[in-house]
Structure formats: structure tokens, C-alpha cells
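So the protein sequences, as listed, match chains L and S. All the letters of the first sequence, read from the start, carry residue numbers 1 to 274 under this note's numbering. All the letters of the second sequence, read from the start, carry residue numbers 1 to 323 under this note's numbering.
No wet-lab data here; the hints were simulated from the structure. All residues carry an ideal CB built from backbone N, CA and C; glycine is no exception. Any given hint might turn out to be false.
To be verified - Computed far set for chain L versus chain S, every beta-carbon distance over 12 angstroms: (1) V4; (2) A35; (3) T82; (4) V112; (5) T161; (6) F167; (7) D178; (8) P193; (9) N221.
Claimed, not checked - Straight-line distance between alpha carbons at most 20 angstroms, and here's what the computed EDC-like set of lysine to aspartate or glutamate pairs gives: (10) S:K12 / L:D106; (11) S:K70 / S:E57; (12) S:K284 / L:D231; (13) S:K12 / S:E215; (14) S:K12 / L:D107; (15) S:K12 / L:E114; (16) S:K228 / S:D218.
Unchecked claim - Some chain L residues close to chain S (C-beta under 10 angstroms, calculated; not the full set): (17) I41; (18) I119; (19) V123; (20) L125; (21) I206; (22) S210; (23) G230; (24) W240.
For reference, the chains in residue letters:
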Amino acid sequence: MGFVRRFLSRPTTFAGLVVFFLVVAIALGAPMIFAHGPFSIVGMPLLAPGAPGLLAGSDVLGRDMVVGLAYGARISLLVGITSTCCAVGVGVLLGAFAGYYGGWVDDLLMRVTEFFQIIPSFVLLMVLVAFLQPSLGSTVIGIALVTWPQVARVVRGEFLTLRGREFVQAARVLGMRDGAIIFTQILPNALPPIVVISSMMVANAILTESALAFLGLGDPNLTSWGSMIGDSRSAMWVAWWTTVLPGACIMITVLALNFIGDGLNEALNPRRRH
Amino acid sequence: MRLRYIAMRLVKTVLVAVAVVLLSFFLIRVVPGDAATVMAGQSGYADEQYMNSLRAEYGLDQPLPVQLWKYVRNVAQGDLGTSYVRRQPVATVIMERLPNTLLLNAFALVVAAAGGIFLGAAAARRPGSLGDSAVTVLAMLFYAVPQFWLGLIMVLVFGVWLAWVPPFGIETMGADYTGLARLGDVAQHIILPGMTLALYFLASYARLTRASMLEVADQDFVKTARAKGLTERRVARRHILRNALIPLITYAGLQASILVGGSVLVENVFSWPGIGTLASEAVKARDNPVLLGIFIVTAILVCLFNLITDIAYSIADPRVELG
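So that you can see chain L by itself, here it is in the shape it has in the complex (with noise of 0.2 angstroms):
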């Protein structure tokens, strides 16, 4: 059975794939569906959803709360991708040398994942945010100055246990250099595990966003879906859509990309391969 079809047999896989590309559709093209943008008041405050023109209902400023949750999911979906894409860049290439080269490269490595591993990573994340001011820019350095550890791990594990093989042998042999083995010859094969784990980390980043937007350490010039639970706290009591909508969409995406990590952990297993 190729890849492509053991990855997608799974139900609960390919359900997460099409509700993963259904967000993002409506992240990519919330600009073109909407007329107005997110911030702009359509109608009275706290209108039930079902309101005429207003599928979900208004917010505590009368804003249109179907633009709000769209516009929402582009800021999950640009701060997961790209904290994972730094968080994956820098894990990789320090765990890739670590676990090559071994020594006090790796020692020192290994020390700060430790360290990362047991500070509370969230109060640090809380603290970095609130001193680089809360933006885009601090939101996504913050997750990935938090979560490349991880990949560092991962990635240095799979060296450590490749970089014996036979087929690094031979390259070496051939007069290979140190670069081009660890970039052509061991990354190549140590990719599956880090496929998987980067999934669950874009999923792990979202909720992540959303909490920080929810203490009000979100970017204050865009709608997010966190932000749009904290700001409307105190409506909570008399409209409920303003918590639990936004609060829906976090974990349908975060359950989707789940999904999507747990069929690629299955289909990349090398052990359930035959």
C-alpha cells in the first residue's frame, strides 16, 4: 500500500484533512467573501445568531461575529505555521549537530532542552510577550523560543541512532563532507518523525495563541480567536455564542490537525511498514 493511501484509509485522518483545508480556505479568502473587515460594527450588540444577515450573531460592539471568527483563523493559522516553521528551522539544525557530532555540543544541547523542559514554559512565554509588547512579531517568537527544544530532542535522537549506519559509513567513505551527509544522507531519513511531531506542534501553537490573545497578550490591532473570548467576557452571561463559537472553532482546528498527526505517525511508522 503506497503512503498516500495508508495515510489517507484512516477515517479520522481524512476528516481532519478536509476540515484542515476548509479553514484554511476561509483564512485565505476571508478578505474576498466578506465586505467588511472584522472590526467594522454591522448591527446592535449581542444579536442571537440567526438574526437576519448575521449567521452567528453580533458581539458586545454590534460586529459581525461569522467576519470575526474567518478573520480568526488566519491569525491561528499564520502564528502556528510560522512559530512551528521557526520552532522546526532552529530545532533541526541544532539537534542535527548535536546529535552528529555528540561531545560537548551535544552535552550543552542536551542541558538546555532539559532546562526548557522543566521551567514553566507558558509563564515564560507570558513574561517574553508582555516585555517585547504584544504583537504578531513577539507571539510567534515566543512560541517557537518555547517549543524548538523539542524538535532538538527528536531530531538528535534520530542522528544518534543513524549516524552509525551503514549507508553514513559508506558516504563517509566515498569522502563525503560532514555537511553534505548530515543535509543529503541522514535528514532525508530522520524527516518522519519530524513530520509528525510538527503537526502536533502547529496544533500545540494555536492553542497556545489563543490563550496568550485571551490575557490580552495578542496582537491589540487584529482579531483572534482568543481575543475574541477576552473580549467578550463580560457578555458571557447574557450570549453565550460570543464564548462558545470561538471557543469551537479553536478545537475543531486543533482536533483536525490531530487527526492529521496521528495518521502520519501511522503511515510514517517504519515499524508497521512491511
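Guided by the hints, dock chain S onto chain L, whose structure is given.
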């Protein structure tokens, strides 16, 4: 041998604590403008002379290594600086709130461990059954739900619509209960935030207990116990469960940092007067010393908790590689 191990773990804990303080000093440097600019900005009065006197007062005019040394020395003596907003020592402000946070976290940890072990053991007894799948599905859902949102839903459903338990605060304001009545009051208030914090971990403990029990069940000593003619119940409780619980100790240590992070959000949702609520107040007031103090205190607490779990592990499983 074990003493040596404990000594080494102690050294490691101290090193991590020192690293936390160094990182904090670096973080202070990251802020655009120094403390003098911030304080001058808050007092609404800033000429060059006043700023310079502030800088001299707080030692900001001295070379960096001197400042670093002073900072490390101060933190080691429990001086975490002064809150910009309250004009009180940060350590005092944090210590006022810390017991509440510890109470909430301990409650969540106990509920999560007890509930998780119970559900996990039940699921492991019949792998593939309906109950087993239910545990897996619940765990999956709790991994995907933002904890603060789950908290808000709990407030809405159990605190407001059903009105079973009080949703906010740690005790009834102005009631001035004492003794047992106060204890009962706090117990009512801790249910919602405690359960919100516990549910995520409960799901992961259940999954871990299940996996661990299935693994242990295959080992030779279990077969021996069965061959001795012990009842299935006794084998499961005395032989499998006891050994399956050992990895949970390490897991509790590893999860402590996530537990603390979650409690910042959960406290905020339920207005629980702990350091998590303090942290979000500090964020809103731009009270950086308090925020940084909370980071240092929580990091060191998690560190100590890890030390304890590591020692507990070495006692529970003497086979562990000490090093």
C-alpha cells in the same frame, strides 16, 4: 549510591535555578528602555536629572557584570525587586498569593492522579471495550480544548445555569466563615477551577496508566503470580497496578510545568486569588517586576517538585539507573 544520586540531583536543581535567574536578568535587558524610563513614565514626571537619580538609586548606571552580580545576590536573598504598581516588594506580593495557587494545583494533581489511575486501570482490564474507547476519545477531546475556554463553559453551565457551585473566588465574600464552615466554603469554591485544571491531566494519566498496565501485564512476575493461584483481582491490584504506577511519578514531575502554566489561565477564569490571577493583573498594569518574579518563583517550585519526584522514583524503583 542513592545519596550520591540525590546529591547530584540537588546540584542539578541549583544549576537550573541559577540558569532561571540568569535568563531573568537577560529578559530585563530585552525590554525597550530601562526601569527608570518605566517608573518615570508612571509618575508622569521625567527630566534628565530625575532619571539619572533613579538610575543611580537602582544601580542602573553601573557596569553590566556588577548589575548581574547584584541581581543574582538579591534573588538569592529572596529580594525580587519592587512592584511598580503596588510599591511593595515583589516577594511579599507573591507570597501572599502563593498558598492559594499551591492549594489549587495540589487539588488538581490529586484529582487527576486518582481519577486517571482509576479510569486507566478500568480501561486496561478490558482493552478494546466501550469504556476503553471512551477514555481514549475523552483524552483526545481534552487535548484539543483550550483550558481557559473549558473553564468558561464550566462557569456558564455549573456556576450560572445550574448554579450548583459558586463559580468565582476562593470563599464567599463578606461571609467571614471560620473553622469547618470556612473549609467547606473553600471546598465548594475549589471544585470548578480544580476540576478544569485536573481534567486535562486526568485524561493523560488514564492513558498512561492503561498503557503501563498492559505492558506490565506481560511480564514474567505476573505469570508467576497467576501460577501461584492468586485471583485475577489480586494480581491486577497487587502485582500489575503497583508496578505500573512507577512511571507515573516521573510523568507527574514532567507535567508540573504544564500544570503551573494551566493554573495561570484557570485562576484567571475563576478569579481564584493566586499568582496566576496576579500574573494577568501584572500583564494589564505592565508591572514587569511582578511578572518576572512569578516566573522565577514558579520555575524554582517546579524544579523542586522535579527533585522530589526523582527521589521518589529512585526509592520506588531501585533498578533505576542512577547517574
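Compare the structure with the hints numbered earlier in the document and write down the numbers of the violated ones, lowest to highest. 4, 13, 17
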